[in-house]
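Asks: The chain contents come next:
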Amino acid sequence: MMSMNTITIRLRHALRPATLGLVLLSNSPWVLAQTDAPMMMNQDAGMGGMSMPMDMTHDKEMSKAPPIGSLPSSDGAAPKGYDAYGVALRMHDDPLLAKVQIDNLESAHSSDGTNSQQWDGRLWVGHNLNKLWFRTEGSSSKGRIGEGDVEALWGHAVSPFWNLMAGMRHDLGTGPTRNWAAFGFQGIAPYEFEFETTAYVGPSGRTALRLKTSQDWLFTQNLILTPELDMNAYGRADSQRDRGAGVSDASLSFRLRYEFSRQFAPYVGIQWAGKFGETANMARAAGAKSSETRVVAGVRFWF
Amino acid sequence: MKRHASISLAVPDLPRRRFVQGLAAGGVLLGMSPFIKPAWASGVNAATGRTPILAGTEFDLVIAEAPVNFTGKPAIGTIINGQMPAPTLYWREGDTVTLNVTNRMNVSTSIHWHGMILPADMDGVPGLSYPGIAPGKTFQYRFKVQQSGTFWYHSHTRFQEQTGLYGAIVIEPREPERFPSDREHVVVLSDWTDTDPEQVFDNLKKMGSYYSRTELTTPEIFKQAGMEGFAKAWKERMVWNRMRMSPRDLSDVTGYTYTYLTNGVTPEGRWTGLFSRGEKVRLRFVNASSMTYFDVRIPGLKMTVVAADGQDVEPVSIDEFRIAVAETLDVIVSPSDDRAYTIFAQAIDRTGYAAGTLAPREGMRGEIPPMDPVPSLSMADMGMDMSKMDGMAAGGMAAMPGMDMGGSQTVPIQHHYATEYGPMNTKRTAVASTALDDPGAGLRDNGRRVLTYADLHTIGGPLDPREPTREIELHLTGNMERYLWSFNGVPYSEAKPILFHYGERLRIVLVNDTMMNHPIHLHGMWSEVETAQAQFQVRKHTVNVRPAQRISYLVNADARGRWAYHCHMLYHMDAGMFRAVVVA
Numbered sequence: 001m002m003s004m005n006t007i008t009i010r011l012r013h014a015l016r017p018a019t020l021g022l023v024l025l026s027n028s029p030w031v032l033a034q035t036d037a038p039m040m041m042n043q044d045a046g047m048g049g050m051s052m053p054m055d056m057t058h059d060k061e062m063s064k065a066p067p068i069g070s071l072p073s074s075d076g077a078a079p080k081g082y083d084a085y086g087v088a089l090r091m092h093d094d095p096l097l098a099k100v101q102i103d104n105l106e107s108a109h110s111s112d113g114t115n116s117q118q119w120d121g122r123l124w125v126g127h128n129l130n131k132l133w134f135r136t137e138g139s140s141s142k143g144r145i146g147e148g149d150v151e152a153l154w155g156h157a158v159s160p161f162w163n164l165m166a167g168m169r170h171d172l173g174t175g176p177t178r179n180w181a182a183f184g185f186q187g188i189a190p191y192e193f194e195f196e197t198t199a200y201v202g203p204s205g206r207t208a209l210r211l212k213t214s215q216d217w218l219f220t221q222n223l224i225l226t227p228e229l230d231m232n233a234y235g236r237a238d239s240q241r242d243r244g245a246g247v248s249d250a251s252l253s254f255r256l257r258y259e260f261s262r263q264f265a266p267y268v269g270i271q272w273a274g275k276f277g278e279t280a281n282m283a284r285a286a287g288a289k290s291s292e293t294r295v296v297a298g299v300r301f302w303f
Numbered sequence: 001m002k003r004h005a006s007i008s009l010a011v012p013d014l015p016r017r018r019f020v021q022g023l024a025a026g027g028v029l030l031g032m033s034p035f036i037k038p039a040w041a042s043g044v045n046a047a048t049g050r051t052p053i054l055a056g057t058e059f060d061l062v063i064a065e066a067p068v069n070f071t072g073k074p075a076i077g078t079i080i081n082g083q084m085p086a087p088t089l090y091w092r093e094g095d096t097v098t099l100n101v102t103n104r105m106n107v108s109t110s111i112h113w114h115g116m117i118l119p120a121d122m123d124g125v126p127g128l129s130y131p132g133i134a135p136g137k138t139f140q141y142r143f144k145v146q147q148s149g150t151f152w153y154h155s156h157t158r159f160q161e162q163t164g165l166y167g168a169i170v171i172e173p174r175e176p177e178r179f180p181s182d183r184e185h186v187v188v189l190s191d192w193t194d195t196d197p198e199q200v201f202d203n204l205k206k207m208g209s210y211y212s213r214t215e216l217t218t219p220e221i222f223k224q225a226g227m228e229g230f231a232k233a234w235k236e237r238m239v240w241n242r243m244r245m246s247p248r249d250l251s252d253v254t255g256y257t258y259t260y261l262t263n264g265v266t267p268e269g270r271w272t273g274l275f276s277r278g279e280k281v282r283l284r285f286v287n288a289s290s291m292t293y294f295d296v297r298i299p300g301l302k303m304t305v306v307a308a309d310g311q312d313v314e315p316v317s318i319d320e321f322r323i324a325v326a327e328t329l330d331v332i333v334s335p336s337d338d339r340a341y342t343i344f345a346q347a348i349d350r351t352g353y354a355a356g357t358l359a360p361r362e363g364m365r366g367e368i369p370p371m372d373p374v375p376s377l378s379m380a381d382m383g384m385d386m387s388k389m390d391g392m393a394a395g396g397m398a399a400m401p402g403m404d405m406g407g408s409q410t411v412p413i414q415h416h417y418a419t420e421y422g423p424m425n426t427k428r429t430a431v432a433s434t435a436l437d438d439p440g441a442g443l444r445d446n447g448r449r450v451l452t453y454a455d456l457h458t459i460g461g462p463l464d465p466r467e468p469t470r471e472i473e474l475h476l477t478g479n480m481e482r483y484l485w486s487f488n489g490v491p492y493s494e495a496k497p498i499l500f501h502y503g504e505r506l507r508i509v510l511v512n513d514t515m516m517n518h519p520i521h522l523h524g525m526w527s528e529v530e531t532a533q534a535q536f537q538v539r540k541h542t543v544n545v546r547p548a549q550r551i552s553y554l555v556n557a558d559a560r561g562r563w564a565y566h567c568h569m570l571y572h573m574d575a576g577m578f579r580a581v582v583v584a
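Keeping their order, the protein sequence lines are chains A and F. With this note's numbering, letter number 194 in the first sequence gets 194, and the count goes up by one each step, no holes. With this note's numbering, letter number 405 in the second sequence gets 405, and the count goes up by one each step, no holes.
Everything labelled a hint here was simulated from the structure, so no lab data went into it. Quick caveat: nothing in here was measured; it's all calculated off a predicted structure. One or more hints might be untrue.
As the list claims (entries may be wrong) - Straight-line Cα separation of at most 27 Å, DSSO-like style, residue types lysine-lysine; simulated pairs:
(1) A:K212 <-> F:K223
(2) A:K142 <-> A:K80
(3) F:K232 <-> A:K212
(4) A:K80 <-> F:K232
(5) F:K73 <-> F:K205
(6) F:K205 <-> F:K496
(7) F:K206 <-> A:K99
(8) F:K427 <-> F:K206
(9) F:K205 <-> A:K99
(10) F:K223 <-> F:K235
(11) F:K427 <-> F:K235
(12) F:K73 <-> F:K223
(13) A:K99 <-> A:K212
(14) F:K496 <-> F:K235
(15) F:K496 <-> F:K427
(16) A:K142 <-> A:K289
(17) A:K212 <-> F:K205
(18) F:K206 <-> A:K212
(19) F:K232 <-> F:K427
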């Protein structure tokens with residue numbers, strides 16, 4: 001049993017016993033609890049009944065090291081790789097994954113009473129920074145695809161939010177088949193805009209540009225409004241596919257979805273779609289309207 | 001030689017409860033018998049919870065998969081001796097312990113003794129210490145226990161920790177306890193999901209915000225506008241939107257899928273620890289979560305912190321503490337009233353909580369206090385250079401009294417590695433906080449006395465008076481959008497080992513470029529945290545780094561071999577925030 005006023009501190013590893021204060025104990029509840037224990041207390045412990053004159057201050061000079069940043073600095077990397085040091089651990093920090101994401105799969109009812117189906121989806125397979133993408137969008141009515149396309153692209157992450165996309169596009173629907181080389185960017189622009197822009201070059205010098213952007217507005221964690229703007233432009237007219245030169249068509253839609261889960265959300269929305277310039281003229285000549293408003297309802301899901 | 005079987009209870013009672021509350025009688029649905037209650041253990045003030053304790057010098061641990069049920073939905077857990085958490089292991093400082101770990105699963109496994117100072121081949125990290133424990137095999141660990149205090153053990157194989165492979169270690173000191181108590185309870189906090197953790201990881205890789213359920217909504221801007229004016233509210237929101245980041249990005253995995261457990265018991269089940277009035281009760285907290293930081297308090301009781309990461313500290317009285325993943329903290333409480341107290345552990349993002357009861361007898365329940373508001377990160381948490389910000393951002397600082405904007409607790413980060421500029425890393429901290437006395441977002445200025453690292457003073461000072469001779473600076477990097485995590489923008493698979501020269505004392509400087517807390521754990525050697533003025537502060541095995549914080553610690557490279565060094569957020573680790581350290 002130790003005496004009450006010369007309790008030494010047990011030093012498991014400490015090498016500087018001289019720098020530690022001795023502890024004087026009096027009226028400590030710790031003592032009442034177990035009087036033969038070596039112990040030390042701090043005055044600011046704030047526990048009732050503990051008032052011990054003591055010096056717990058460590059030797060500041062002794063424990064003070066050279067200023068941070070003053071020593072030779074490196075990332076510590078060894079000169080050789082894992083094998084040289086017998087490190088067998090291999091981590092799967094760049095797994096192969098795949099995602100199917102259907103943003104819109106919907107039924108559209110336009111102001112003139114016609115009904116159609118529209119889709120917009122994508123699939124990727126790949127690793128952290130390199131992925132193979134398939135994108136598709138389009139519309140059909142009465143079981144026939146009116147317009148649409150599929151794209152196969154290699155997507156390479158070039159910055160935290162952006163991917164460089166390169167590949168090809170194949171047009172679906174009425175008119176002669178068109179194929180394009182595709183090159184563009186896809187990612188998240190400042191202010192949280194999902195953004196996609198792609199330039200296309202076809203045989204015999206056809207060119208096209210597509211731009212898509214959307215944003216999520218959260219009303220609650222589950223109820224989300226997504227405005228989306230889509231636009232297409234062509235370098236020269238393609239009368240067989242009813243496309244004029246310049247900005248051919250654009251749409252602005254607002255879809256309000258309810259996420260029953262992160263991966264499944266039905267929605268309703270409204271879409272305004274318009275054709276411009278030459279393309280609008282072609283549509284009117286064919287007896288169609290150059291713009292229309294649609295009510296849409298559909299589902300969004302991914303897995 | 002002592003050899004003890006473990007205890008198990010089968011309670012297959014499955015009423016549906018509110019999801020996050022969990023089942024009242026959830027847990028392991030496996031009965032393993034017969035069992036023997038260790039006589040030695042009953043001498044220790046064992047918890048009244050169901051986690052058994054094993055004591056002695058020789059242990060048989062059997063790892064198996066077993067059906068569990070915490071939420072009403074049956075799932076499969078990876079558990080030890082039929083228990084989740086695994087049995088608490090009681091060791092004695094100075095003893096040599098032998099642990100025979102048998103794998104009864106059809107996949108490889110491992111056990112790592114977290115925070116233990118031991119030979120590298122006993123550390124239990126597959127690919128570094130040993131090949132792991134193959135199905136059907138037994139691995140014998142044997143090492144001398146050179147320390148005392150509260151530690152824990154867990155699998156170091158893939159996501160087995162998430163499915164229940166963890167337990168506490170309590171090491172009795174050779175000398176009598178410096179801070180004796182009349183009774184003690186181990187309190188293991190953890191997070192449970194019914195979803196297969198491989199699926200959780202895939203979900204995060206496919207959608208970083210998958211589990212985020214506290215995002216700021218559009219209507220909230222009007223609420224905020226009501227308080228500070230629309231222009232300011234709008235501007236502030238736009239700053240975040242411009243950065244493509246969320247001030248609510250506090251946890252990757254949340255109460256959206258997690259049920260939070262206290263000693264393996266749901267809040268509804270309410271683990272209970274007993275006390276007698278007037279007793280000093282030592283609570284040995286272990287955060288065995290995969291991904292959850294907890295803010296812990298016991299309304300009505302002051303807590304006196306006496307040890308951190310198993311290391312005795314100068315006692316400090318507090319109301320609340322934030323415990324990072326993998327940290328341990330010992331507190332002593334003196335409940336004097338004949339009432340039940342609630343150990344209330346809110347998840348950092350306030351999407352749920354773990355709760356237990358301290359009561360003078362069985363059958364009592366403490367009240368559950370309301371959760372605090374969901375914290376929002378500030379611009380300083382983002383490491384923005386405030387001198388370049390306009391009045392709006394500075395206004396956002398008003399809620400940060402802990403930060404000295406005069407600059408004495410911040411430091412510009414001049415140098416970033418070239419690898420931090422690619423797609424692996426979203427941002428780089430321009431101005432880092434060096435404050436140890438900042439409790440972090442959600443705890444600042446909450447009216448309670450909240451523990452910070454500035455309060456923790458390891459008794460005895462540093463292990464070695466030598467000055468460090470060099471620095472290794474590592475930046476904690478990530479990309480929440482793509483769910484990439486790394487050091488210096490380089491994930492483990494593309495990195496080289498970090499080389500420590502045997503016998504050297506070196507300084508590790510960590511700069512957090514991300515907007516999340518990261519608990520950084522060095523195996524095999526202590527991390528002696530220092531202040532911004534390079535003065536010894538506290539000895540840790542797991543060092544939390546706040547968003548945009550710079551923190552440094554000294555390490556004695558006195559343990560030859562290959563060691564793991566990583567973020568202890570499970571999915572961050574497996575995403576690549578990991579290094580092999582070679583001491584040679």
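Asks: Each hint needs a verdict: does it hold in this structure or not?
Replies: Each hint, compared with the structure:
no.: 1; hint: A:K212 <-> F:K223; verdict: violated (32 Å)
no.: 2; hint: A:K142 <-> A:K80; verdict: violated (65 Å)
no.: 3; hint: F:K232 <-> A:K212; verdict: violated (30 Å)
no.: 4; hint: A:K80 <-> F:K232; verdict: violated (53 Å)
no.: 5; hint: F:K73 <-> F:K205; verdict: holds (25 Å)
no.: 6; hint: F:K205 <-> F:K496; verdict: holds (24 Å)
no.: 7; hint: F:K206 <-> A:K99; verdict: holds (7 Å)
no.: 8; hint: F:K427 <-> F:K206; verdict: holds (20 Å)
no.: 9; hint: F:K205 <-> A:K99; verdict: holds (10 Å)
no.: 10; hint: F:K223 <-> F:K235; verdict: holds (14 Å)
no.: 11; hint: F:K427 <-> F:K235; verdict: holds (20 Å)
no.: 12; hint: F:K73 <-> F:K223; verdict: violated (38 Å)
no.: 13; hint: A:K99 <-> A:K212; verdict: holds (20 Å)
no.: 14; hint: F:K496 <-> F:K235; verdict: violated (43 Å)
no.: 15; hint: F:K496 <-> F:K427; verdict: holds (23 Å)
no.: 16; hint: A:K142 <-> A:K289; verdict: holds (18 Å)
no.: 17; hint: A:K212 <-> F:K205; verdict: holds (23 Å)
no.: 18; hint: F:K206 <-> A:K212; verdict: holds (21 Å)
no.: 19; hint: F:K232 <-> F:K427; verdict: holds (24 Å)
Hint check: violations occur at hints 1, 2, 3, 4, 12, 14; the rest are consistent with the structure.
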